[in-house]
Amino acid sequence: MMASLTLTPSSTLAEAVFGKTENSLLRSLMLIVAGSALIALSAQLAIRLPFSPVPVTGQTFAVLIIGMAYGSRLGSLTVLAYLLEGLFLPVFAEARTWFHPFTLWTAGYLIGFVFAAFATGWLAEKGWDRHALTTALAMLIGNLAIYIPGMLWLATMYVTNTEMALVPLALTVFIKGFSVFLVGDIAKLVLAVLAFPAVWKWVARNR
5 MMASLTLTPS STLAEAVFGK TENSLLRSLM LIVAGSALIA LSAQLAIRLP
55 FSPVPVTGQT FAVLIIGMAY GSRLGSLTVL AYLLEGLFLP VFAEARTWFH
105 PFTLWTAGYL IGFVFAAFAT GWLAEKGWDR HALTTALAML IGNLAIYIPG
155 MLWLATMYVT NTEMALVPLA LTVFIKGFSV FLVGDIAKLV LAVLAFPAVW
205 KWVARNR
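Numbering (our numbering), first residue to last: 5 to 211.
Derived by calculation from the structure, the hints in this document are not laboratory data. Beta carbons are placed, not taken as given, at the ideal position from N, Cα and C, and that holds for glycine. You may find that some hints are simply not true.
Distance ranges between label pairs, derived from CB positions [stated by the list, open to error]:
no., residue 1, residue 2, range
1, 29, 182, 36 to 46 Å
2, 23, 164, 42 to 52 Å
3, 171, 209, 53 to 63 Å
4, 209, 137, 16 to 26 Å
Turn these sequences into a full structure, and let the hints guide you.
The following block contains the structure:
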């Protein structure tokens with residue numbers, strides 16, 4: 005049964021469903037464990053592209069929706085917990101840890117997950133996840149928060165390991181670190197646009 009809660013514009017979906025209980029620390033820890041596990045599981049939905057060091061995975065969608073559902077603070081803490089787990093457990097794509105050579109190439113995207121969760125969470129706290137258009141904009145902003153550090157770090161790795169000129173470098177990073185993911189990102193955006201406003205309407209009917 006849904007927890008009783010007076011919803012405000014700053015309420016997150018997690019608060020609407022689980023409530024602001026007195027034992028909020030325990031609730032927060034449980035959500036962090038569940039969220040980091042979801043990211044780890046979604047990371048295993050990976051497709052290795054032969055021409056790119058960055059695989060296509062489901063974890064970006066998990067990061068964005070966790071940020072939007074949990075809020076900026078809890079969402080970013082959940083992603084940080086996931087990244088810390090990667091020091092000891094094979095939670096990254098294709099069951100890897102931080103110490104796998106391929107992980108180094110994707111480190112910028114992994115760090116970008118923290119910014120993305122914070123950004124989508126902050127926007128959700130402003131009520132952006134309750135309407136289709138603003139949900140789409142929040143997802144776009146969250147994706148940018150992943151791509152910017154991801155592509156910058158990928159460019160750094162290519163510069164370090166090759167002798168590419170500026171134009172071929174920019175084209176390589178654009179193709180291998182951005183354009184190949186666009187179709188999947190659009191699909192994830194559509195799913196979020198369909199899901200979040202619908203769940204909020206359900207919450208409003210059942211509170």
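For each hint, the structure was consulted:
1. 29 with 182: 36 to 46 Å: holds, 39 Å
2. 23 with 164: 42 to 52 Å: For residue 164 against residue 23, whose Cβ atoms are near 49 Å apart, the range 42 to 52 Å holds.
3. 171 with 209: 53 to 63 Å: Holds - the Cβ-Cβ distance for residue 171 and residue 209, about 55 Å, lies within 53 to 63 Å.
4. 209 with 137: 16 to 26 Å: The hinted range 16 to 26 Å holds for residue 209 and residue 137, with Cβ atoms some 22 Å apart.
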